[in-house]
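> Chains as they are written, first to last, in numbering that gives the first Met the number 0: chain A, 0 to 286; chain B, 0 to 286.
Think of the hints as simulated: they come from the structure by calculation, not from any bench. Note that the structure is a prediction, hence the values are computed from the model and not measured. Watch out, some of these pointers could steer you wrong.
Copies of the same chain look alike in the list, so a pair counts if it fits in one copy or across any two.
Stated by the list, open to error - Cross-link-like lysine-lysine pairs, in silico, DSSO-like; alpha carbons within 27 Å at most:
{"hint": "1", "residue 1": "184", "residue 2": "203"}
{"hint": "2", "residue 1": "244", "residue 2": "77"}
{"hint": "3", "residue 1": "220", "residue 2": "77"}
{"hint": "4", "residue 1": "268", "residue 2": "210"}
2 protein chains.
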Amino acid sequence: MQIGINQYRIPQNSKIDLTDIPTQDRNSPPKRVIRDEMVPQLRPQLRDWQEKLYAENKQSLLIVLQAMDAGGKDGLIKHVMASVNPQGVHVASFKQPSLEELDRDYLWRINRALPRRGEIGIFNRSHYEDVIITRVHNLIPNENFPAKLVDKDIWKKRFRQICDYERYLCENGYQVVKIFLHISKEEQRQRLLDRLNEPDKLWKFSSSDIKEREHWEEYQKVLSEMISATSTEHAPWYVLPADKKWWGRFRTMQILIHHLEMMDPKYPKPSEEFMKNLDYWRKLLDG
Amino acid sequence: MQIGINQYRIPQNSKIDLTDIPTQDRNSPPKRVIRDEMVPQLRPQLRDWQEKLYAENKQSLLIVLQAMDAGGKDGLIKHVMASVNPQGVHVASFKQPSLEELDRDYLWRINRALPRRGEIGIFNRSHYEDVIITRVHNLIPNENFPAKLVDKDIWKKRFRQICDYERYLCENGYQVVKIFLHISKEEQRQRLLDRLNEPDKLWKFSSSDIKEREHWEEYQKVLSEMISATSTEHAPWYVLPADKKWWGRFRTMQILIHHLEMMDPKYPKPSEEFMKNLDYWRKLLDG
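Start from the sequences and build out the full structure, keeping to the hints where you can.
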C-alpha cells in the first residue's frame, strides 16, 4: 500500500485546470526525511518488483513523463531508476521528429519504442507532444498529411485516438501510467537561470525554452484539457507537485510501486515435469 | 589511470589459450575491501564520465560482454551500471535469432541495436555468438544462405568481417571494448547447482546449459581462437578472471573508466555568439 498518491490521480471524465492545482505540497515532510529515510525504504521494493517483472516476462510497465521545459524529467529518471537493473529498463526520449518519422502517423515512432515484455519503459516526452506543442504552434500536420483530415475537431480526435491506443496496449499486457511534473512559472524561471549561471549546465540551456515561456498560459490551458480528456481508468494521469524535485521523485517511486503491486508479477513456476527432473539435473551436475 | 587492467588485455595478433589463463587472481584484495572501499570510489567517476559523454553527444562506448553460461553477465550489468543514469545506457540482449533476423546477414541485428551518440551501449552476448555456438554446433548458416559461401574458411572470414565491422564503428565515433568473463568448469557447476537449489533462481535454469557443458572443452578452444583473432588495437578483448563475481565487476568498472578517460568527452562549449547573448537571456528571465 502506497499512502497518499491517490490525491494526484486524475479521475476519468473529470475536468481539471492546472492553474488550480498547487505545484508544492504544503505539508510534506522535510527534504532530509524524504531523502535519507523514505526514499531508501522504497528502493529495495522497486528493485524487487522489477526483478519479478523481468523474471515473469509477461507484462510491461510503461511510464509516460511529461512536463514543461525544465520540469525535472531527466533528473527524475536518473534518481528514480538508480539501483534498478538497467537491463530491464528502456528509456526512450522523443525529440523533434525526424523526417522518417514525420513521414508516418504520429503514433508510429511511439509504437517502435515500446518496452519488451518484462521491461519497465520510460517515455521522456511522448505521443502527447502531438497534442501539446503541435497544438500551441499549430504544427499539425506535416505537409504530406491530407488536408481534408484537418478539421477543428482534430485535437478531440487525437484525444480519442490516444485513449484507444492506450486501451489497446493495456489489453495486451502493458500497464500505462502517465505522470505530469507540475511546476510553477517562477520555478521554471529559476531553473533556467541556474542553467545559464552554471557552466556545467549551460549545455542544457536552449533559447527556445525562453521563447516557449511566452506561451506559458496557453500551454497550461492545452495541458489541462489534454489531461482531462486522456486520464482513464486503464491509463491514468498523475499530476505531481514538482517545484521540490525530491518530492516529485519520491511520489513517482510510490506510484511505480503501487502499479507494480497491482500488476503483481511472479517468478515463473517451473512445470511439474521440470520439477520431476530436478534430481536428474542435480545428479548430472554432481557426477 | 586505472592500475592493473593491462594484464587482462589481449594484444593484437597474439595467440592465447584460455585453459592457460587463470579464472581467479591469487593476490586480489579481500572482497570486503573491494566492495566497501574500492568500488564506491569508482562509482562517482563512472557517473561523471557518463554524464560528460551524454552531454557531449558525439561518441559512444560499446561494451561487448561474452561468457560461458552462468558466467555472470546479467549480475555484472546490474552491479556495474547501478547509479549510472539509465537514460544514457542502452542494454541489448541477444538471444536466439528470430525468423526475421535469420532472414538477414548476422550483423544486421547487431547494427540495429547500436547505442546512440552519447550513450553507453552494453551487448549481453553479441555478434560473437555467430562464431561461438554457431561454430560448436555447426549451425551456420540458415537454410537460405547460399551454400557456395560456406567453405572451410568461413570462420576465418567471419573473424575478418567482424574486425572490419568494428574498425568501421571506431572510425565513426564508437569505442568498442570487449570483455570475456572467464570462469572455471567447476565454478559453472556450482552456479548451475545454485540455480537448481534456490526457488527464486530456478527460472534462470535451462536444461540446455547442462547439455552445453558437455562441449566445455570445445567451447574453450573456439573461444581462444576467436579472442586471438579479433582482439585489435581499436577493439581489444579483456579476459577477466571471474570466478569471484565481485572481482570481475570491479575490474570491469576500471576498464570502462579507463576507456572513457581515453575518449575524454567534454561538456559542449557554447558558441561565442551564444555567450554574447548570455546577458540578454538572463535579462529576459529576470524581467
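> Could you run down the list of hints and mark each one as holding or not?
Going down the list of hints, with the structure as the test:
1. 184 - 203: within (18 Å within a copy, 50 Å between copies)
2. 244 - 77: Cα proximity of residue 244 and residue 77: in one copy and across copies (12 Å, 26 Å).
3. 220 - 77: neither (29 Å within a copy, 42 Å between copies)
4. 268 - 210: between (55 Å within a copy, 22 Å between copies)
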